[in-house]
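Numbering (our numbering), first residue to last: 7 to 147.
Keep in mind that the hints were calculated from the coordinates and are not lab data.
On a predicted model such as this, the values are computed, not experimentally measured, just so you know.
Glycine included, C-beta positions come from ideal geometry on N, C-alpha and C.
Take the hints with a grain of salt, since some may be wrong.
Label-pair distances were calculated between CB atoms; the ranges are [claimed, not checked]:
{"hint": "1", "residue 1": "32", "residue 2": "146", "range": "42 to 50 Å"}
{"hint": "2", "residue 1": "104", "residue 2": "83", "range": "20 to 28 Å"}
{"hint": "3", "residue 1": "106", "residue 2": "146", "range": "17 to 25 Å"}
Simulated crosslink set (DMTMM-like; lysine to aspartate or glutamate; CA at most 20 Å straight-line) [said to hold, decoys possible]:
{"hint": "4", "residue 1": "125", "residue 2": "41"}
{"hint": "5", "residue 1": "89", "residue 2": "119"}
{"hint": "6", "residue 1": "125", "residue 2": "36"}
{"hint": "7", "residue 1": "63", "residue 2": "105"}
{"hint": "8", "residue 1": "125", "residue 2": "72"}
{"hint": "9", "residue 1": "125", "residue 2": "107"}
{"hint": "10", "residue 1": "89", "residue 2": "36"}
{"hint": "11", "residue 1": "125", "residue 2": "142"}
{"hint": "12", "residue 1": "125", "residue 2": "108"}
{"hint": "13", "residue 1": "89", "residue 2": "78"}
{"hint": "14", "residue 1": "63", "residue 2": "78"}
{"hint": "15", "residue 1": "125", "residue 2": "78"}
{"hint": "16", "residue 1": "63", "residue 2": "36"}
{"hint": "17", "residue 1": "125", "residue 2": "136"}
{"hint": "18", "residue 1": "89", "residue 2": "41"}
{"hint": "19", "residue 1": "63", "residue 2": "119"}
{"hint": "20", "residue 1": "89", "residue 2": "132"}
{"hint": "21", "residue 1": "89", "residue 2": "72"}
{"hint": "22", "residue 1": "63", "residue 2": "142"}
{"hint": "23", "residue 1": "63", "residue 2": "41"}
{"hint": "24", "residue 1": "63", "residue 2": "107"}
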Amino acid sequence: MKKLIFFGLIIAAFWSCSIDDSPKEVFLLEILPIESASVPTEMSFGETYTINYSYLKPTTCHTFNDLYYIAENNVRTVAVISKVLIANEGIICQALTNELEERSFSFVANNREGTYVFKFWQGEDDNGQDTYLIYEVPIRQ
Numbered sequence: 007m008k009k010l011i012f013f014g015l016i017i018a019a020f021w022s023c024s025i026d027d028s029p030k031e032v033f034l035l036e037i038l039p040i041e042s043a044s045v046p047t048e049m050s051f052g053e054t055y056t057i058n059y060s061y062l063k064p065t066t067c068h069t070f071n072d073l074y075y076i077a078e079n080n081v082r083t084v085a086v087i088s089k090v091l092i093a094n095e096g097i098i099c100q101a102l103t104n105e106l107e108e109r110s111f112s113f114v115a116n117n118r119e120g121t122y123v124f125k126f127w128q129g130e131d132d133n134g135q136d137t138y139l140i141y142e143v144p145i146r147q
């Protein structure tokens, strides 16, 4: 019985060893501010609109991951969620200047009346308060 347990431990030890010495990709998510946006001047119920926006890519290790999009009543808050690779032995990040990325999303006007408010996050001010690029878009009947 002791030999069986010992043999099992030896097999488990060999199985748990990895011969892969390549660096692992470690990343985190970071919210990036939106530099500019293009929204319609008015909308109609049931219509689909393309909202264009742009943001600055800070380094070569930043890639687009998702759009932070929160809908509360008629207010839409938007920001970019970036995946950031952490620099290590095999990954070297280079700072970028003026590397503007342009993207878009589709928006369906589901309200019959009122105004949509689009708030594009632009970062924080000197007091740590969020700042937004705000567009108010009336719904045409």
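Hint check results:
1. 32 / 146: 42 to 50 Å: For residue 32 and residue 146 the Cβ distance comes to about 49 Å; the hint holds.
2. 104 / 83: 20 to 28 Å: holds, 26 Å
3. 106 / 146: 17 to 25 Å: violated, 32 Å
4. 125 / 41: holds, 12 Å
5. 89 / 119: Since the Cα atoms of residue 89 and residue 119 sit roughly 37 Å apart, the hinted pair is violated (cutoff 20 Å).
6. 125 / 36: Holds, because 18 Å separates the two Cα atoms, which is no more than 20 Å.
7. 63 / 105: It holds: about 5 Å lies between the C-alpha atoms, which stays within 20 Å.
8. 125 / 72: Judged against 20 Å, a Cα distance of about 17 Å means the pair holds.
9. 125 / 107: holds, 19 Å
10. 89 / 36: Distance of about 6 Å is within 20 Å: holds.
11. 125 / 142: holds, 9 Å
12. 125 / 108: holds, 17 Å
13. 89 / 78: Roughly 26 Å separates the two Cα atoms, so the pair is violated.
14. 63 / 78: violated, 28 Å
15. 125 / 78: holds, 11 Å
16. 63 / 36: Since the Cα atoms of residue 63 and residue 36 sit roughly 11 Å apart, the hinted pair holds (cutoff 20 Å).
17. 125 / 136: holds, 11 Å
18. 89 / 41: Holds, at about 18 Å.
19. 63 / 119: The given pair, whose Cα atoms are some 37 Å apart, is violated under the 20 Å limit.
20. 89 / 132: violated, 25 Å
21. 89 / 72: holds, 9 Å
22. 63 / 142: violated, 27 Å
23. 63 / 41: Between residue 63 and residue 41 the Cα gap is close to 11 Å, so the pair holds against 20 Å.
24. 63 / 107: Holds - the C-alpha atoms of residue 107 and residue 63 are around 7 Å apart, at most 20 Å.
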